[in-house]
Amino acid sequence: MAVGGCVVLLTDLASKRSATRKFGTFLAFLFCIAAMVCSYTLGGQLRTAFSNGIAVEGLVVTMQILLAAIAAVTIVASSEILQSFHLPKGEYRALIMLASAGAMVLVQSLDLVNAFVGIEIMSVAFYVLAGYRRAQAASEEAGAKYFLMGAFVSAILLFGIALIYGSVGLAMKANGLELPQGYSFTNIVTISKAIHQVPGFGTSPLFLLGAVMLIGSLMFKAGVAPFHMVAPDVYQGAPAPIAGFLATTSKVAAFTILMRFFTIMAGADTGAAINVVVIGLALLSIIVGNTGAANQKSIKRLFGYSSVAHGGYIVLGLLASLGAESQAAAITAVTFYIVAYAITTIGSFAVVAWLGKDGEDADAINAYRGLGKRNLGAAITLGIFLLSLSGIPLTVGFLTKLGVFMALLSAGGTWVAVVALIGSAIGLYAYLRVISEMFFVDSSQQETSSTDGASKLIAVSAATLVIVMGVFPSQALLPSFEASVTVPPVSGDEVK
Amino acid sequence: MNELILVIVALPLIAAVIASLLHEKSAKSISIIGSAIACLVSILGITTGGTIDRGFHHVFNAPWLPKLGLMFSFGLDGMSSLLVLLTTFLTVIAVIVIPAPKNAVRAYYLSILVAGALTNVAFASLNILLFYIAFEAALIPVLIAIGMFGGADRSKAAIQFFVFTVIGSLLLLSAIIGLRIATGTFDYLTLKDLVASGAVDPSLLRWFAIASFVAFATKAAVVPLHAWLGRAYINTPTGMLLLLSGAMAKLGVYGLIRFTMPLGGEFAESLVPLIVTLGAVSVVYGAFVAAAQTDIKAVIAFSSISHMGYIVIGAVVGDDAARSGSVLQMLNHGITTGALFICCDFISRYRGSRQVTALGGIWSDSPLFSRLLLLFTFSSVALPLTNGFVGEFLILLGAFPKFPYQTAIASAGAIGSAVYMLWMIQRSIYGGTKSVGSKVISLGVSERSVLLALALMIIGIGVAPSPLLAIASDNGHKVGAAMQPEVK
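So the sequence lines, in the order shown, correspond to chains C and E. Per our numbering: the first sequence = residues 1 to 496. Per our numbering: the second sequence = residues 1001 to 1488.
Here chain C stands alone, though its shape is the one from the complex:
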């Protein structure tokens, strides 16, 4: 699959020399579809490649299809914006596809080093994309901030991986455990073996330090507090479709690898350290994200804080996957949440792009005043996304929150759940404010017709999906949500 991704990119880079914009978009779109089809045909069987460096199975297939879909949608949605801002199109498409390819590598990877490679590919593309609109100061600022923070965090990530490498190697040698044929010390399977079979390894300071660094830096990439400071700035500075792409792809990729990592830690004695860290991160995100969203004047910043809060809910689901009994429910819940969140976020940013005038995104919340009268379709679409983000029943947002809370409560985290619910209520106010501006307040603004048909289509389809998935999720179009994270068993190992 990674090979597929590269081929796509190379061809795309070549195609940027083609004359018309439409042709290039179409070509890129075609390759994304091809990637989706390839993923789908690989099916749910577990396969490994590159000396057990990557593995493809059910969950990976789902995520890859999702990533490819996000990339396709973003490319299509961005045509208008690129045209209006006179931004180079070929590089843009290449960057989107490169970022997705990096994300796919990350999702497939079984070895932490491969994961790092994937993250770097993805991140570098992100840095450029965040600052893509070079003429605007806010965009440049966003790109620069993201790059600096991101590079720093990548270094920490690498250091964490190195620590884990060292600790695993030392532990295995010290306990006379054999390195399985064809696996390296940084392979998830090996780490799992070490955790489960070496007594006291899970609580050894070297490993814990490495693990915390790993988790922390991945959380940054996903936009979780307290590493979230960059997120609202980036989402506000970048043009809407790019912001949507960044928000969703980073979360899909980072949370998938975290899910793998957490699953192998389940049931083993890792002491309280990891639990405390994860709970802290989750609750902080939920509280910061929801309160931060409450008084925003810019809708893209509001979505930025909202994405921090939702990252927190996903982390709560991950927390539940640490407990042995709740693991299956937790994995299903987190997967469903990621998919549903991706759809909702892409849709929300598509509405922002749809309502943009003269190439400017409709960013100020005041611009939405009286939208219910001016453009009922857009208002209803955005209203559906806002209700879903608040977790109101009949939207998919409710089912996702329900899933996470059920998994969390069966793992025993009662007070955590209560705090999260309260945070949810706070966030409700933020979303209601926008709904109120749209429907309940009159405004004398004139309606200008939108030229961005692609964004309109994407937004409306996403909104429909949100309602359909909210009422009948089993009929949803995506492959099964009964995801499980399978890891190839090694002789003597029983790892799932």
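Simulated from the structure, these hints should not be mistaken for laboratory data. On a predicted model such as this, the values are computed, not experimentally measured, just so you know. There could be a bad hint or two in this list.
To be verified - Covered, in the sense of this in silico footprint (three residues per stretch, anywhere, with C-beta under 8 Å from a C-beta of chain E), are these stretches of chain C:
(1) 136-146
(2) 412-421
(3) 430-436
In this text, a Cβ means the ideal position worked out from N, Cα and C, and glycines have one as well.
Dock chain E against the given chain C, drawing on the hints supplied.
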């Protein structure tokens, strides 16, 4: 015949969808037809039988999301069949009598019909998660109605109403999920049996009792969780207000009777004195605040807090007579307060103001209207021969042996209701006409018939309440039995 509930719920929804798609002129007629048929069918719900299961009739089960445990489980008993009838009836008269705002006719009817349908789902639901979903989702049409068609303060009112209610509901959600994890089911009847047999961890039941009480007390506007009601009711358009005050506030009390008491175990028992005291406080507090208002809509709104206080007392006190009285009073409150809000709407539209200082002289100008209004006032004050008296008397009678002090306070509150209602009526109906250029209130045929029908119901229930009480108390025994502490 079990699909009755589906018909009752689906008809208004289908009518709403059709009305939204067609031209504005036909929206009203289609809505009337849909909701009227639903109302007639809900009468069938009381008179016919269907499948019976553990005290519920018309039991119906269909899967929705089986893996989550979410099913379309419906069933009716005495209390819920009466409440469903009330909801459908209020929906019909709301559509008939209150004219829709000119700028968004279809959205208006859509919100009323959807709100009514979702409330009925909640009343008839035997699956706790389904109840919760309907409970929450019903807030959306109300939010839209208040925000789009409401009074001057509507934006703030809508948001305040929504956030306040949702906070309580989220606590309820956590308790519901907790129950599911402990017992593996969302099915109400199964849960009731499990709790009664002592199979569920008491601390979980304690959390359920508290969380559900907070959620339902907020919905029913029991002091001190009543703060949202004043601004919300005043700013709600009357059509939606009929449903909001008449049916959806009852969801709170219904939740207490149906869920908190049976599923809260012994801890719920120990909450009863607190709840009764808060109910009595609500009665008096509501009366005091109502007496201080000069806007007639505000007077009626705060009187609602007062009346709900009685209903809450009767609901939890554990006496059969009181509970039947409470259920009856829920019906009565819906009828009476609905009638009062309708009259208030007429006054506001024709006279141009809702302030008592600007009104007067209606008695001489509109004889039928003002006499009917007087009758509705008597009902609200619980004068004998009106429906209000029967309900209130039964509640106080049943509550007195166990809680004499609170009952005494609540009875004193009845005097308060006479004070504020009669005062309001005196200043707004009698005397000379104050505002120049306002129109005389004249009632059309449909409006006259609706108000006369309401008046007949008021007197009818006041004089011969037995049939309704019999229906209401067939449930009284079941719930009462579940509430008795385990006899070892």
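Legend entry - 8 Å C-beta test of the stretch 412-421 of chain C against chain E, three or more residues: holds (count 4)
Inset, instruction - Tell me if chain E covers the stretch 136-146 of chain C under the three-residue, 8 Å CB rule, please? - result: This one is violated; 0 residues, fewer than the three required, reach chain E with a Cβ under 8 Å.
Inset, instruction - Verify the coverage statement for the stretch 430-436 of chain C against chain E, using a C-beta to C-beta distance below 8 Å and requiring 3 or more qualifying residues. - result: That given contact holds, which follows from 4 residues of the stretch 430-436 of chain C lying within Cβ reach (below 8 Å) of chain E.
Of the numbered hints stated above, the single one contradicted by the structure is hint 1.
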